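Given the coordinates of chain A, work out where chain B should sit on it, guided by the hints.
Same order as they appear, the protein sequences are chains A and B.
Residues 1 to 317 in my numbering are what the first sequence spells out, letter by letter.
Residues 318 to 601 in my numbering are what the second sequence spells out, letter by letter.
The hints are simulated quantities; they were obtained by calculation from the structure and are not laboratory data.
The reader is advised that the hints may include incorrect statements.
In silico DSSO-like pairs for lysine-lysine, Cα to Cα no more than 30 Å straight-line [claimed, not checked]: (1) Lys567/B with Lys231/A; (2) Lys6/A with Lys270/A; (3) Lys133/A with Lys567/B; (4) Lys599/B with Lys270/A; (5) Lys133/A with Lys227/A; (6) Lys231/A with Lys133/A.
Derived list of chain B stretches under chain A, where covered just means 3 residues or more per stretch with a C-beta under 8 Å from a C-beta of chain A [to be verified]: (7) 461-471; (8) 538-548; (9) 562-572; (10) 580-587.
Computed from a predicted model, the values in this text were never measured in an experiment.
Yeah, the Cβ is synthetic: ideal placement off N, Cα and C, and Gly gets one too.
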Amino acid sequence: MTSDYKRFALTRAGQAVVVVLLAYVLTFLVISVLPGDAITNTLRDPQHGLSEEDIQRIVAFYGLDQPVIVQLLLSLGRFLTGELGFSLQSNLPVSQIVGDALPSTLTLATSALLIAIVFAVAIAYGAQYLPGKWAAIVRSIPSFFLSVPNFVIGLVLIEFFAFRLHSFTTTDPNSPVATLFAAVTLAIPVSAPLAEVLIASLDHESRQEYALVARSRGITEAKLFAKHLVKPSALPSVAMVALIVGELLGGSVITETIFGRDGIGTVVQKAVTGEDQPVLQAVVSLSAVVFVAVNLVADLASPLLDPRVKLREKVGA
Amino acid sequence: MTATLGYTQLRNVGTASKKLTAGLPPVTVILSFAVVLLVILWSLFPGFFTSFSPVTGDTASKLAAPSAAHWFGTDYLGRDQYARVVYGTASSVTSALVAVLIGLIVGSIIGLASGFRGGWLDSVLGRFVDVLLAIPGFLLAVVIVSSLGFQTINAAIATGVSAVAVFARLMRAEVMRVRSATYVEASYLEGGNRLHALLGHILPNAYRSVLVLAVLQFGTSILIIASLAFLGYGDPPPASDWGLLVASGKTYVTAPWLVYAPALVIVVTVLSVNRISRWLRKAK
Numbered sequence: 001m002t003s004d005y006k007r008f009a010l011t012r013a014g015q016a017v018v019v020v021l022l023a024y025v026l027t028f029l030v031i032s033v034l035p036g037d038a039i040t041n042t043l044r045d046p047q048h049g050l051s052e053e054d055i056q057r058i059v060a061f062y063g064l065d066q067p068v069i070v071q072l073l074l075s076l077g078r079f080l081t082g083e084l085g086f087s088l089q090s091n092l093p094v095s096q097i098v099g100d101a102l103p104s105t106l107t108l109a110t111s112a113l114l115i116a117i118v119f120a121v122a123i124a125y126g127a128q129y130l131p132g133k134w135a136a137i138v139r140s141i142p143s144f145f146l147s148v149p150n151f152v153i154g155l156v157l158i159e160f161f162a163f164r165l166h167s168f169t170t171t172d173p174n175s176p177v178a179t180l181f182a183a184v185t186l187a188i189p190v191s192a193p194l195a196e197v198l199i200a201s202l203d204h205e206s207r208q209e210y211a212l213v214a215r216s217r218g219i220t221e222a223k224l225f226a227k228h229l230v231k232p233s234a235l236p237s238v239a240m241v242a243l244i245v246g247e248l249l250g251g252s253v254i255t256e257t258i259f260g261r262d263g264i265g266t267v268v269q270k271a272v273t274g275e276d277q278p279v280l281q282a283v284v285s286l287s288a289v290v291f292v293a294v295n296l297v298a299d300l301a302s303p304l305l306d307p308r309v310k311l312r313e314k315v316g317a
Numbered sequence: 318m319t320a321t322l323g324y325t326q327l328r329n330v331g332t333a334s335k336k337l338t339a340g341l342p343p344v345t346v347i348l349s350f351a352v353v354l355l356v357i358l359w360s361l362f363p364g365f366f367t368s369f370s371p372v373t374g375d376t377a378s379k380l381a382a383p384s385a386a387h388w389f390g391t392d393y394l395g396r397d398q399y400a401r402v403v404y405g406t407a408s409s410v411t412s413a414l415v416a417v418l419i420g421l422i423v424g425s426i427i428g429l430a431s432g433f434r435g436g437w438l439d440s441v442l443g444r445f446v447d448v449l450l451a452i453p454g455f456l457l458a459v460v461i462v463s464s465l466g467f468q469t470i471n472a473a474i475a476t477g478v479s480a481v482a483v484f485a486r487l488m489r490a491e492v493m494r495v496r497s498a499t500y501v502e503a504s505y506l507e508g509g510n511r512l513h514a515l516l517g518h519i520l521p522n523a524y525r526s527v528l529v530l531a532v533l534q535f536g537t538s539i540l541i542i543a544s545l546a547f548l549g550y551g552d553p554p555p556a557s558d559w560g561l562l563v564a565s566g567k568t569y570v571t572a573p574w575l576v577y578a579p580a581l582v583i584v585v586t587v588l589s590v591n592r593i594s595r596w597l598r599k600a601k
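The shape of chain B in the complex, shown without the other chains:
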């Protein structure tokens, strides 16, 4: 048994010293950054990555299997599936970004206000956050999007609202942690006001954990928005959001690549985003 103990202890020491000496992030993290970069480029310059149109296809070559010409095969109208995925990136990824920004900004304001002011404001905002948490996130998003109308931007807003609570919680906790720190009290004693404490001490300290959460939430938002699009709550065809592509592909049982290609793109993207988030959290 001592052997096991010795081994675990050694292993812990090993990873600790590796962290100190390693200059580059692990290979998987570098790969993840490469994936995210590619996805960003797809959404910015889709025309640069494919010469096919995402909207018009060649009906003569419909439901063709993946080949050198059509990497992800073609759909029932002969449209190149790879082109549809690439052109669908902008709305799939931008909407996730919008969702994170809504959650981040609204959530941070609520968290800051409640941690700073305390008292009755804290209780009121605290209950509000409890209420947001009490409604299952996906259901809340579904209700909001059904109320705003079936569009991708509304799906993004809905996803953002359902993320407000987690950001508010984290920001409040960060403010509480830093607020009572000796150096913040010292800055009050030196005549610093609340704004100074906020900008000079609290935000810089909270920034790291909020960033980790934002990256993680970005991955989650891609999944939620894809799920909403899958249910048909996003932009209607010929839009090609990733979730919508999976939904329309599943009708063609003989052409499984129509489902697997966009599904794989979603999984690899979210996996990369989550890997980056975990790396940021560890590097803290």
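Chain A extracted, bound-state conformation:
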């Protein structure tokens, strides 16, 4: 660890903290554009079955009778100590709601990420090594994947695999097969940008001199791909990890709705329909935390993975 790297790491970490705090403030301001009545309307909605005492407690807890700036500071202070507040709909702690929904979304997102990587590598390999015409077709797959809405993919998969082939039933959305199809739905739009980056860097790497030298020594293309090209071609995609995490989180709203899974996406949807501000605030700021953290790790790792990355440039950027 050079002192240069330490300084770079500290600057980056500091920036990350600032970005998370500002994201919290921005979300809070956007959500507070809602007229004040809406909150009390939500609270007084008989559907939620909150007693008058509960309502008074919640109003006092969030400082809803005070100016927005006071509410913001109150809420931000609690966020810093890890306190996420209570749902306006169910009166349950937000941390409990998020905690209950998290495993389902984590399973979905992790499987989707793995599937997306497999798809992307397969597409990139095909684009590089299939004969002319086929390669051209394979090269257009990412663009096609980017043009199909998530919900259409999900509906088509359900139509064919659940209704026609009976591979799974939508009544049991957490079965392994149903999870697999939900993950494929989420993976397809995510695999597209990944495949594009892989294709571009594979094109670049396979023209480098070390690849020529390896070929001249009689290495097979498959071996060249596996032993020499994969690693340097995958490096640029490390920078995309954060982007992909964002896609996975956003896409889970639609995917979970279609497949009827109970996860973070469903929590978001319920919070939106029920104008449940504390829940929305928590989920959005936690996604920002995840995004920023992943980005930070990718940033800190890239000079270690690739010595050619210059620290000075990264700090200035």
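Same frame as chain A, but now just chain B:
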């Protein structure tokens, strides 16, 4: 192995020379322009393309399969699905346009200001853009639309705001690239001011890459707005935004065309827009 090498090299030379000689864009690009033109005409003159009403239907012929009379079949009220798609185009496509304009204008102003002024303004705006990027785009759009109210125009605003960051980044990068170019320095030396550098050099140079991004973002916005409409965050029925049509069609399992027809229209439109964007990027 030399054969493989020779082949790839030849192929590269081939495409390069083709680009120089070809006068017309590739067939797929021409088709894409045709699709986009049709979609624009649908949104401007829907009545010209169908004689059916998108709002009232003939209940006697409800949930009918696609036929010569009803190209995309009919829905549960006997309304012609093709008419609903055509009449839904205006709000589906116009809102995407609004979204791109918001992203383009706000993003460009931020990018220009930060690239031009530099210093503290650059740091402040840079952090602001980081913050916008830190919240997953779709979640940000969902939060904004839930705060503004469930209407298509609000979905468009939300989508536009979530696109501000990418435009700001690109514009800043373009300004930085051009700002230090010798010819811009020369124009300062000749007594040109910043406004002159902006209008005369920076904008004309940045215009191409910004245009490519705007077209790409147009396709993405159609998708995001369709997704928001699908979740029910756009105008309520009887509006017929494409995403809403898919959402209401999925209830009728026996009438899959109610889902597939609008879904196909979305896919073909976005595919065409993306193709045009890629062509613009290559032609650069």
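For this session: Check, residue by residue, whether the segment 580-587 of chain B contains three or more positions whose beta-carbon lies closer than 8 Å to a beta-carbon of chain A, and give the verdict.
Result: holds (count 4)
Exercise. Against chain A, does the segment 562-572 of chain B show at least 3 residues with beta-carbon separation below 8 Å?
Worked result: holds (count 4)
For this session: State whether the coverage of the segment 461-471 of chain B by chain A holds or is violated, taking the criterion as 3 or more residues with Cβ-Cβ distances under 8 Å.
Result: n = 4 at 8 Å, threshold three: holds.
Exercise. Has the given pair, Lys6/A with Lys270/A, been kept, meaning a C-alpha gap of at most 30 Å?
Worked result: 43 Å, violated
Exercise. Is the Cα-Cα distance between Lys133/A and Lys227/A 30 Å or less?
Worked result: 26 Å, holds
Exercise. Is the Cα-Cα distance between Lys231/A and Lys133/A 30 Å or less?
Worked result: 27 Å, holds
For this session: Would you check the hint for Lys133/A and Lys567/B, treating anything up to 30 Å between C-alpha atoms as holding?
Result: Distance ~37 Å between Lys133/A and Lys567/B Cα, so the pair is violated.
Exercise. For the segment 538-548 of chain B, do at least 3 residues have a Cβ located nearer than 8 Å to some Cβ of chain A?
Worked result: holds (count 5)
Problem set entry | Satisfaction of hint between Lys231/A and Lys567/B, Cα-Cα up to 30 Å | 44 Å, violated
Problem set entry | Holds or violated: Lys599/B to Lys270/A, with C-alpha atoms at most 30 Å apart | Given pair Lys599/B, Lys270/A is violated - Cα atoms ~43 Å apart, limit 30 Å.
In this structure, the earlier hints numbered 1, 2, 3, 4 are contradicted, and the remaining ones agree with it.
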